[in-house]
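**Student:** Okay, here's what each chain looks like letter by letter:
Protein chains: 2
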Amino acid sequence: MSAITHLKNRQCRLASRPVGLPTPANWRFTEEAVAEPAAGGVLVKTLYLSLDPAMRGWMNEGKSYIAPVEINAVMRAGGVGRVIASNNPAFAVGDYVNAGLDVQEYCLISQENIKRSGMFKIDASLGLTTWTNVLGMPGMTGFFGLTEVGLPKAGETVVVSGAAGAVGQTVGQIAKLRGCRVVGIAGGKAKCDWVVSELGFDACIDYKNADVRAGLKEHCPKGVDIYFDNVGGEILDMVLAKITRGARIIICGAISQYNNTTPVKGPANYLSLLVNRARMEGIVVFDYADRYHLAINEMAGYLKAGTMKSKEDVVQGIENFPEALLKLFNGENFGKLVLQITSE
Amino acid sequence: MSAITHLKNRQCRLASRPVGLPTPANWRFTEEAVAEPAAGGVLVKTLYLSLDPAMRGWMNEGKSYIAPVEINAVMRAGGVGRVIASNNPAFAVGDYVNAGLDVQEYCLISQENIKRSGMFKIDASLGLTTWTNVLGMPGMTGFFGLTEVGLPKAGETVVVSGAAGAVGQTVGQIAKLRGCRVVGIAGGKAKCDWVVSELGFDACIDYKNADVRAGLKEHCPKGVDIYFDNVGGEILDMVLAKITRGARIIICGAISQYNNTTPVKGPANYLSLLVNRARMEGIVVFDYADRYHLAINEMAGYLKAGTMKSKEDVVQGIENFPEALLKLFNGENFGKLVLQITSE
Chain G
0 MSAITHLKNR QCRLASRPVG LPTPANWRFT EEAVAEPAAG GVLVKTLYLS LDPAMRGWMN
60 EGKSYIAPVE INAVMRAGGV GRVIASNNPA FAVGDYVNAG LDVQEYCLIS QENIKRSGMF
120 KIDASLGLTT WTNVLGMPGM TGFFGLTEVG LPKAGETVVV SGAAGAVGQT VGQIAKLRGC
180 RVVGIAGGKA KCDWVVSELG FDACIDYKNA DVRAGLKEHC PKGVDIYFDN VGGEILDMVL
240 AKITRGARII ICGAISQYNN TTPVKGPANY LSLLVNRARM EGIVVFDYAD RYHLAINEMA
300 GYLKAGTMKS KEDVVQGIEN FPEALLKLFN GENFGKLVLQ ITSE
Chain F
0 MSAITHLKNR QCRLASRPVG LPTPANWRFT EEAVAEPAAG GVLVKTLYLS LDPAMRGWMN
60 EGKSYIAPVE INAVMRAGGV GRVIASNNPA FAVGDYVNAG LDVQEYCLIS QENIKRSGMF
120 KIDASLGLTT WTNVLGMPGM TGFFGLTEVG LPKAGETVVV SGAAGAVGQT VGQIAKLRGC
180 RVVGIAGGKA KCDWVVSELG FDACIDYKNA DVRAGLKEHC PKGVDIYFDN VGGEILDMVL
240 AKITRGARII ICGAISQYNN TTPVKGPANY LSLLVNRARM EGIVVFDYAD RYHLAINEMA
300 GYLKAGTMKS KEDVVQGIEN FPEALLKLFN GENFGKLVLQ ITSE
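Line by line, the protein sequences give chains G and F.
Start counting the first sequence at 0; every next residue gets the next number (numbering that gives the first Met the number 0).
Start counting the second sequence at 0; every next residue gets the next number (numbering that gives the first Met the number 0).
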């Protein structure tokens with residue numbers, strides 16, 4: 000009927016489960032025709048996809064907080080797109096939306112999935128890629144993990160690993176706005192300089208070139224009240240050795256361990272939780288879905304006022320998805336990693 | 000002046016810091032004269048001492064929740080004694096008390112230390128050794144760890160390791176009284192049978208003779224909502240694999256790791272905290288000192304009513320302290336381990 004049915008949809012599918020780091024052999028690109036949306040559905044053209052460490056977990060078999068991506072399924076991804084056909088009165092052609100789009104050029108979303116994926120219209124004036132970053136899932140993770148699990152109080156010392164990443168940017172900036180002392184941990188001088196000079200962190204420890212233990216000692220003279228952990232491994236142990244009484248450790252991720260082919264390294268210093276009457280608690284962002292709008296309103300206000308920033312590292316082209324994803328694991332990305340699928 | 004100054008006080012002192020399991024060479028017995036109490040002080044004759052896994056930690060150098068025992072100092076221990084001389088109107092000769100007495104036959108307690116050690120008169124009709132067990136520090140630890148950190152709700156499944164020990168007895172019985180399903184983990188058939196038949200646990204897994212993983216699967220069909228951990232190591236990891244969403248893990252101790260000469264085994268399954276939005280939190284009993292009397296009142300009521308029991312394993316003689324302590328680490332004690340210093 001329409002021009003839509005002549006469109007081809009390139010898709011990146013999970014061909015096999017990786018052992019260790021994903022390789023090109025784990026992926027398969029396919030093409031299929033695009034269909035018109037059914038009643039209540041919409042068709043979205045993918046503009047930007049959010050590439051996140053959590054994706055590595057979704058590629059594994061087994062129970063987790065979300066079902067694994069099935070073999071031969073289109074790889075799961077959230078992102079930002081534009082509605083190009085609508086059969087739903089709440090969305091008009093031309094609307095920019097944030098939704099679960101998956102790694103493909105077009106996403107047909109049923110009425111049921113609109114609700115399930117939490118699809119919503121976005122304010123493009125704040126920058127489209129911002130909605131994959133501080134206003135997207137990573138931002139929600141950082142915001143609710145810090146505020147609801149970390150319970151920061153003004154004057155406390157907050158340490159965040161992966162400080163220049165999407166979650167880290169959010170955590171550090173929100174902690175500063177709440178009156179905390181903020182110390183980041185990131186890889187490389189450029190990232191460390193940036194979170195201090197641009198985001199206003201009090202300090203940042205370069206784990207690739209500096210002694211993290213010494214850095215924690217220098218920059219956290221009163222100890223660590225809150226640690227927002229995105230990396231796990233040795234750094235988690237080093238921070239455990241520096242926590243204060245009643246400290247809160249938010250377990251958000253463990254990127255150092257995701258590609259292990261040996262067992263995960265458990266935190267040998269976990270008995271510091273006992274000595275310090277401290278707490279280590281996991282966070283899954285979906286639990287806060289009914290309050291995303293509150294965090295978005297608050298952070299959109301900061302972005303407009305210039306008291307908060309959002310930095311993305313944009314890689315071009317769906318065909319580069321497999322390679323781009325690896326940047327997360329070697330720490331090559333500088334800012335929230337985003338894959339641009341089309342320039343509209 | 001009085002007969003008191005003719006008494007000799009045998010004492011067990013820490014001669015050196017152990018590496019791994021304590022050996023006889025780590026201890027030294029001395030004898031000194033007993034002195035009259037100064038104004039505000041009392042002299043207590045030691046009847047029973049509480050032997051606890053935490054003692055192993057006090058023997059190590061380095062920062063913890065309490066200062067280490069100094070080399071050549073009398074070994075720290077809490078216990079039950081009888082006032083034999085008093086210069087304090089609150090305590091009369093003949094009063095039975097619970098106090099920090101240390102490993103010695105007589106303890107001279109100054110006015111300041113009466114307050115600091117939380118010394119208080121006890122009701123001997125409940126049994127003297129009970130005051131080292133469910134009505135003593137271990138009982139306070141189990142009571143407040145379970146109720147204040149674990150936050151049990153009726154119908155939840157509570158797992159407790161070291162189930163036949165002092166803390167485990169308290170945790171399991173209080174959890175049952177709060178309407179929970181209670182599964183113990185203990186070493187040997189006798190202990191397991193006892194916590195089920197005498198204390199009313201729903202089940203108990205014999206870690207020395209059974210597959211703990213299979214036992215957890217069988218006895219916790221809905222998963223583990225609360226785990227009260229006294230042992231650490233592999234068992235902590237097995238339980239982490241079975242926790243429910245929002246589970247609470249109380250870190251009370253890690254007896255499997257206390258005599259390690261290699262680094263502590265961190266829980267490799269700690270990312271289960273993330274998947275399950277669960278929490279692992281340490282407890283130190285001293286934080287609840289201002290409410291000990293509430294827990295004692297509640298549990299004394301259960302003991303009198305026969306709805307709670309307290310079992311002690313009593314070893315005789317101060318000279319046997321070094322050997323008796325080791326029973327905790329090979330799991331030989333059946334019930335709360337107590338050292339009887341004198342029969343009054």
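Misleading hints may appear alongside valid ones.
Intra- or inter-copy, both count: the list cannot distinguish identical chains.
Calculated lysine-lysine pairs in the DSS-like style (CA-CA distance at most 27 Å, straight line) [to be verified]: (1) Lys114 - Lys7; (2) Lys62 - Lys221; (3) Lys303 - Lys175; (4) Lys152 - Lys62.
If you are wondering where the hints come from, they were derived from the structure by calculation, not from laboratory data.
Remember, it's a predicted structure, so these values are computed and weren't measured experimentally.
**Student:** When no copy is specified for lysine 303 and lysine 175, does a C-alpha distance of 27 Å or less occur within a copy, between copies, both, or neither?
**Tutor:** The answer is within: 17 Å in one copy meets 27 Å, while 55 Å across copies does not.
**Student:** Using 27 Å as the alpha carbon limit, work out where lysine 62 and lysine 221 are close: within a copy, between copies, both or neither.
**Tutor:** Cα proximity of lysine 62 and lysine 221: across copies only (15 Å, versus 39 Å in one copy).
**Student:** Between the shortest in-copy and the shortest cross-copy C-alpha distance, which are at most 27 Å for lysine 114 and lysine 7: within, between, both, or neither?
**Tutor:** Within one copy only: 26 Å inside, 80 Å across.
**Student:** Are the CA atoms of lysine 152 and lysine 62 at most 27 Å apart within a copy, between copies, both, or neither?
**Tutor:** Answer is between: at 26 Å across copies they meet the 27 Å cutoff, but 35 Å inside does not.
In summary, the structure agrees with every hint in the numbered list given earlier.
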